[in-house]
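Enquirer: Chains A and B supply the protein sequences, listed in that same order. Residue 0 is where the first sequence starts when you use numbering that gives the first Met the number 0, and the numbers rise one by one after that. Residue 0 is where the second sequence starts when you use numbering that gives the first Met the number 0, and the numbers rise one by one after that.
No lab work stands behind these hints, which were simulated from the structure alone.
Computed spacing ranges between beta-carbons, pair by pair:
hint : chain 1 : residue 1 : chain 2 : residue 2 : range
1    : B       : 10        : A       : 777       : 23 to 31 Å
2    : B       : 20        : A       : 41        : 35 to 43 Å
3    : A       : 730       : B       : 36        : 33 to 41 Å
4    : A       : 343       : B       : 36        : 51 to 59 Å
5    : B       : 20        : A       : 429       : 42 to 50 Å
6    : A       : 657       : B       : 41        : 52 to 60 Å
These numbers were taken from a predicted model, which means no experiment stands behind them. Glycine included, each C-beta is placed from N, C-alpha and C at the ideal position.
The residues making up each chain are set out below.
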Amino acid sequence: MGLKCVHCGEDCGKYPVMYDGKPFCCHGCKTVYQILNQQDLKQYYEIQPMSGIKVEQEDVGDKYAYLDLDEIKEKLLTFSDGGISKVDLFIPVIHCASCIWLLEHLDTLNPGIIYSNVNFPRKLVSITFKDTEISLRQLVELLASIHYIPEITLDKLDQNETKKSDRDLLIKIGVAGFSLLNVMLYNFPEYLPGGELLGESFTQMFGWLSFVLSLPVVFYSANDYYLSAFKGLKHKIVNIDVPITLGIFTLFIQSTYDILTGRGIGYFDSLVGLVFLLLIGKWYQGKTYRALSFERDYKSYFPVAVTKIINGSEEHIPLSRVVKGDHILIRNRELIPVDSKILKGKANIDYSFVTGESLPVPKEKGEMIFAGGRQIGGTIELEVLKDVEQSYLTQLWNQNDNREETSSHLNMIVNRVSEYFTVTILLIALSAAVYWFFKNPSLATFAFTSVLIIACPCALALTVPFTFGSTMRLFGRKGFYIKNTGVIEKLHSVDTVVFDKTGTLTLSRSMHVEFVGDKLNEDELVMIKSLVSNSSHPLSTTIKDHITVEDKKEIEDFQEIPAMGISGKIDGVKINIGSKKFVMGKEDTTPDSTNVYVFIGEHVKGYFSIHNEYRPGIREVIESMKDKYKLYLLSGDNESERDTLRPLFGDDTALLFHQSPTDKMNFIEKLKADGKKVLMIGDGLNDAGALMKSDVGLTIADDIYSFSPACDGILESTRFGKLFRFIRFTNISMNIVKVSFLISFLYNVIGISFAVQGTLSPLIAAVLMPISSISVVAFATLAVNLSGRRFL
Amino acid sequence: MSVILILIIIGVLVAGGFLAGFIWAVKSGQYDDTHSPAVRMLFDDVKPEKKKMTN
Chain A
0 MGLKCVHCGE DCGKYPVMYD GKPFCCHGCK TVYQILNQQD LKQYYEIQPM SGIKVEQEDV
60 GDKYAYLDLD EIKEKLLTFS DGGISKVDLF IPVIHCASCI WLLEHLDTLN PGIIYSNVNF
120 PRKLVSITFK DTEISLRQLV ELLASIHYIP EITLDKLDQN ETKKSDRDLL IKIGVAGFSL
180 LNVMLYNFPE YLPGGELLGE SFTQMFGWLS FVLSLPVVFY SANDYYLSAF KGLKHKIVNI
240 DVPITLGIFT LFIQSTYDIL TGRGIGYFDS LVGLVFLLLI GKWYQGKTYR ALSFERDYKS
300 YFPVAVTKII NGSEEHIPLS RVVKGDHILI RNRELIPVDS KILKGKANID YSFVTGESLP
360 VPKEKGEMIF AGGRQIGGTI ELEVLKDVEQ SYLTQLWNQN DNREETSSHL NMIVNRVSEY
420 FTVTILLIAL SAAVYWFFKN PSLATFAFTS VLIIACPCAL ALTVPFTFGS TMRLFGRKGF
480 YIKNTGVIEK LHSVDTVVFD KTGTLTLSRS MHVEFVGDKL NEDELVMIKS LVSNSSHPLS
540 TTIKDHITVE DKKEIEDFQE IPAMGISGKI DGVKINIGSK KFVMGKEDTT PDSTNVYVFI
600 GEHVKGYFSI HNEYRPGIRE VIESMKDKYK LYLLSGDNES ERDTLRPLFG DDTALLFHQS
660 PTDKMNFIEK LKADGKKVLM IGDGLNDAGA LMKSDVGLTI ADDIYSFSPA CDGILESTRF
720 GKLFRFIRFT NISMNIVKVS FLISFLYNVI GISFAVQGTL SPLIAAVLMP ISSISVVAFA
780 TLAVNLSGRR FL
Chain B
0 MSVILILIII GVLVAGGFLA GFIWAVKSGQ YDDTHSPAVR MLFDDVKPEK KKMTN
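Pulled out of the complex, with its shape left as it was, chain B reads as follows (with noise of 0.2 Å):
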C-alpha cells in the first residue's frame, strides 16, 4: 500500500511544479499579450540589412 504514498507524493510534486511553473509565467506577463508571440514567431528571423542612414 505505501506505493500509493509514493504516488502521491510525486503526484503532488508534480502537480506542484506545474503550478509554479504557471505562476511564474503569469507574474513574468506571458499571459498579458495572446496575440503578438503567435504572429511574431511567423516572422522572418533576417534583420533587413542596415543601411547607412541618409538624409
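Bound-form chain A, shown alone (with noise of 0.2 Å):
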C-alpha cells in the first residue's frame, strides 16, 4: 500500500503529488488543500481526516456562465432584495462533520458569503450572500472548486411540499400525545377500587373535559384517515382506512353520548390512544430517504443552459428555449440536449447513457445525433432538428410518466385482509344486534357499537407499517434504499428478474485489459503510452492506465484519424495503434469484439483485448438466483461477452444483446403482458423506461446521490453481492405481518366474545386495546430486526 491522500483519502499510487511535506491523490486534491490552507481552515482535515472529495476533472471554464443569466437565477433565489441573495444548493457529496464545518465556514472563503447553513439529512446547503460582492455564478464556482459540486435543476421536485407534510405530521402527534396523557389521567381514577368516591360531580366533570380534549384529536390529528378512507370507497376500495375510521366514530359518538345520559366518562382514553398509535405508526414508516431522488426525468440530467450562437456571438440560453432551427456549442464532455445535426467540428459520441454502449461513436459533418449522447474530444457546432421534448429520448421517457401506482395499491396485502374484516365485524356486529334486539332490546346498540369499537383494527393497521418501516430501516443501514415500504411486497412477489449488462453486471469505469501477441519490452511499453496519451479516446485512455511504466517520450508526426487510430514517431520508429483495418490493412472479422492493435517498426506486434470487467460478487448473485427465478439479460452492447455470460447464467437464460432503450422497455411489457412479475435491474438512463415498466426497477449506483434514473429502490454497488439476501428478506418480512396479523385476530376474538355478549366496559377497552397494539408493534420490529441479525 503506498501513500494515503490527505484529502481523500485515497491511494496515491506511486508518485503522489507532494505539497506542504503531504501526499496527495492528484492535483485537484492538492488545489482545495492549498485553498483551505491559505484560508486556516486546516481544520476542516482535523474534524474527520481524509474526508475530502476527489473530483476527476476539472474544466469549469464557462461551464456555470449560465447562472448569470436573470431568468436562472431567479428560479434559483429563494430570496434577493437590497443587495443580499438567498440561496439553497443540493450538494450530494455532503456526507460527515467535516463537510457541515467547511460548508459553514464559507464566509471565510468569501467575504460576500454572510451566512451558510447545512441541512445534512437533505444534502443542502443555503447560503446567504452579498450579490454586490459574489454572484451566483461565482458562488458555484467557489463551491466547485473546493469540490463540493453542486447540482442544480430547475425544476425543483416539490421540497417544500414534503417539508410541510412532515411537520404537520409531528403536530397531529404532539397534539394526539397531549390529549392521551391528560385523557388517561381523567379515566384513571374509573379502573380503580375506591374510584366511585370521587362524587358524581367529578365523573361528569372528567368525562365533559376528556370530550373536549378528543374533539383537536377526532378532528384534526386524524383526518388524514378519513380523507384516505373517503378516496378508497369512491374508488370502491374498502382499505384499512375504512374500518379506522368507522371504529374512531363509533368510539366518538358511544362516548359522547355515554357522557350526555351520565352513564359514564366513554372510551375517550381507548380513543385517543388508537390515534396516537396510528400516527406514530405513521411516523415510523414514513422515513424516507430525502437526498436520494427516486423520480428524475430526463430534466435532471439534461444541462440547465447551452451556449446558442447567434450571428456569430455565444450567448448562453436556458435550455427551454432552444427552438428548432437553433445553432448551439457543445464542447467536450457535455450531454447533447436535443436531437440535431452536426454543422462544425469532429464529433464523438458516448451514447453509454442511451445504449449501454461503451465506446463513443464517430460522427461526421452533417450527420444526426440525438439527444443523451456526450462529446468527447472538440467542441462541436450543432443545428437543433426537434424540440426539446420531441427528441427520441425524452419521448421515450415522457410514454410513461404515469406509473401504475393505482392497480399495484389494490394488491396490497393489508387492503385485501382489511376488506374481508370490515365485512366480517359488520355481520357479527349485526348479529349481535339483532340477537340482543330480541333478548334485551336495551343491549343491541351497545352490543352494536361494542363490536365496532373493540373490533377496531389498530393492531391490524399497525402490523405492516411497523414490519416494512423496520424492513426498510435495516435495508437501508445495509446500503439498499427503497422508495418506500409498498417496494418490500412488491419484491416478495417477483418471479422474473431481467439484468442490465453494461453498468450492472460489469463496471461501467473500469476494463479488462490484455494484449495478445509478442511480449512486449519496457520500450515498447513506453512507446505505447507515450503514443495513447496524446489521444482523449476512452480505448486510447484505457490503455494508458493499463500500462505501468512510467517513463515518457517525445512524439512526432502525432496524427489521429477517427473512427480509425492514432499513429506517430518516436525517435525515428514509427508506430500505429489503432483498429485491425487501420493498422494491417484488413478488415476485422472477428464479430463484435474490442481489439485494438499494435503496429511498431516493421510489425504488428499483437493487439489489446479490451473486455468489461465484471462485478465482484456476480457469481453469487446468478448462482442464488437462478433455481429461483426466471432470469433474463438485456444489454445494448455488442455481443463479444457473449461467451463469458454463457456459462455464468446456465443455458436456460435469453441473453439478449443490441437492445435500444426501446426494445429493452418493450420486452418488460411483454413479460408483464404474460402474467409475470418483472424485476429490472439496470443503471443507465437507457434503462429508465424499463425501469419504469417493470415491477420493481432497482438501479446499481457506485455513488448513491448522483445518477439513477427514477427507480424502486438504490443499491449501493459494493453491496451487489448481497442482492439475493435482501430479495429473500423480504419473504421474512411477509410472514412476519402474517404472524402479526394472526396476533392480532387472537385479541380480536377475545374482544368481540366480550363485546356480543353485551358486557364490554370501558376499562376492558381501555386494557385490551393498548396492550394488542404494544404487542403487534413490538413482536414486528423486534421479529424484523432479529432475523435481520441472521439473514442479512
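Please assemble the complex out of the two chains, which come individually in their own frames, going by the hints.
Expert: Following this line, the structure appears as C-alpha cells:
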C-alpha cells in the first residue's frame, strides 16, 4: 500500500503529488488543500481526517456561465433584495462532520458570503450572500473549486411540500400525545377501587374534559384517515382506513352519548390512544431517504443552459428556450440536450447513457446525433432539429409518465385483509344487535357499537407500517435504499428478474485489458503509453491506465484519424495503434470484439483485447437466483461478451444483445403481459423506460446520490453481492406480517366475545386495545431486527 | 376536593405549555434536520482568523 491522500484518503499510487510535506493523489486534491490552507481552514482535516472529495476532471471553464442569466437566477434564488440574496443548493457529496464545518465557514473563503447553513439529511446548504460582492455564478464556482459541486436543476422536486407534510404529522402526533396523557389521567380513577368516591360531579367533569380534549384529536390529528377512507370508497376499495374511520367515529359517538346521558365517562382514552399509536406507526413508516431521488426524469440530467450562436457570437440561453433551427455549441464532455445535426467539428459521441454501448461513435459533419449522447473531444457546432420535448430520449421517458400506482395499491396485503375484515366485523355486529334486539332490546345498540369499538383494526393497521418500516430501515443501514414500504411487498412477489449488462453486471468505468501477441519489452511499452497519452479516446485512456511504466517520450508527426487509430514517430521509429483495418489494412472479421492493434517499427506486435470487467459478487448473485427466478439479460452492447456470460447464467437464460432503450421497455412489457412479476435491475438512463415499466425497478449505483434514473430502489454497488439476500429477506418480512395479523386476530376474538355478550366495559377496552397494539408493534419490530441480524 | 380542581387546571396548563412549545419547535424547523446541530455544537467557536484575500 502506498501513501494515502491527505485530502480524500485514496491511495496515491507510486508518484504522489507532494505539497507542504504531505502526499496527495492528484492535483485536484492538492489544490483544494492549498485553498483551505491559505484561509486557515485546516481544521477541515482535523474534524474527520481524509474526508475530502476527489473530482475526476476539472473543466469548470464557463460551464456555470448560465448562472449569470437573470431568468435562471430568479428561479434559483429563494430571496433577493437590497443586495442580499439567498440560495439553497443541493450538494450530494455532503457526507460528514467536516463537510458541515467547511460549508458553514464559507464566509472565511469569501467575505461576500454572510451566512451558510447545512441541512444534513437533505444535503442542502442555504447560503446568504451579498450579490454585489459575489455573484451566484462565482459562488457556485467557489463551491466547485473546493470540490463541493452543487447539482442544479430548475424543476424543484416539490421539496417544500414534503417539508410541510413532515411537520404536519409531527404536530398531529404532538396534539394526540398531549390529549392522550391528560385523558388517561382523568379516566384513571374509574379503573381503581374506590374511584367512585370522587363523586358524581367529578365524573361528570372528567367526562366533559375528556370530550373536549379528544375533539382536536378526532377532528385534526386523525383527519388523514377519513380522507384516505373516503378516497378508497370512491374507487370502490375498502382500504384499511375504512374500518379505522368507522372505529374512531363509533368510539366518539358512543362516548359522547355516555357522557350526555351520564352513564359513564366513555372510551375517550382508548380513542385518543388509538389515534396516537396509529400516527406513530405512520411516522415510523414515513422515514424516507429525502436526499435520494427516486423520481428523476430527463430534466435532471440535461444541462440547464446551452451556448447558442447568434450571428457569430455566443450566448447562454436556458434549455427551455432552445427551438428548432437554433445553432448550439457543445464542448468536450457536455451532454447533447436535443436531437441535432452536426454543422462543424468532429464529433465523437459517447452513447453509453442511451444505449449502454461503452465505446464512443465517431460522427462526421452533416450526420444526425441524438439527445443523451456525450461529446468527447473538441467543441462541435450543431443545428437543432427538434424541440427538446420531442427528442428521441425525452419522448421515451414522457411516454410512461404515469406509473401504474393505483393498480399496485390494490394488491397490498393489508387492503386485501381489511376488505374481509370490515365485512366480517359488520356482520358480527349486526347479528349481535339482532340477537339482543329479541332478547334484551336495551343492549342491542350497545352490543353493536361494542363490536365495532373493540374490533377496530388498530393492531392490524400497525402491523404493516412497523414490519415494513423496520425492514426499510434495516435495508437502508445495509446499503439498499427503497422508495417506500410498498416495494418490499412487490419484491416479495417477483418471479422474473431482468438484468441489464453495462454498468449493472459490469463496472462501467473499469475495463479488463489483455495483450495478445509478442511479449512487449519496456521500451515498447513506453512508446505505446507515450502515443496513447496524446489521445482522449476512451480506448486510449484505458490502455494508458493499463500500462504501468512511468517514462514518457516525445512524439513527432502525431496523427489521429477518427474511428481508425493514432500514429506517430518516436526516436525515428514509426508506431501505429488502432483498429485492425488501420494497422494491418485488413477488415476485422472477428464479430463484435474490441481489439486494439499495435504496430511498431516494421511489425505488428499483436493487439490489446479489451473486455468489460465484471462486478465482484456477480457469480454468487446469479448462482443463488438461477433456480428460483426466471432470469434474462438485456444489453445494449455488442455480443462480444456472450461466451463469458453463457457459463455464468446457464443454458436456461435468454441473453439478448443490441437492445435499444425501446426494445428493453417493450421486452418488460411483454413479460408483464404474460402475467410475470418483473424485477428489472439496471443503471443507466437507457434503462429508465424499462425500470419504470417493471413491477420493481432497482438501480445499482456507485455513488447513491448521483445518476440514478427513476426507480423503486437504489442498491449501493458494493452491496451487489447481497442482492439475493435482500430479496429473500422480503419473504421473511411477509411472514412476520402474517404472524402479526394472527396475533391481532386473537385479540379481536377475545374482545369480540365480550362485545357480543354486551359486557364490554370501558375498562376492558382500555386494557385490551393498547395491549394488542403494543404487543403487535413490539413483535414486528423485534422479529424484523432479529431476523435481519441472522439473514442479512 | 377542590384541590383536585386546581391540580387539573395546573396540569392542563403545564401540558398545554409544552404542547405549544413543541408546535413552535416543529414550525420553526427544529425537527427538519436532527443531525447537523448535534455535530455543529462540537465545533470550536473561534472562527479561523480572517486573512486578507490574496489572488
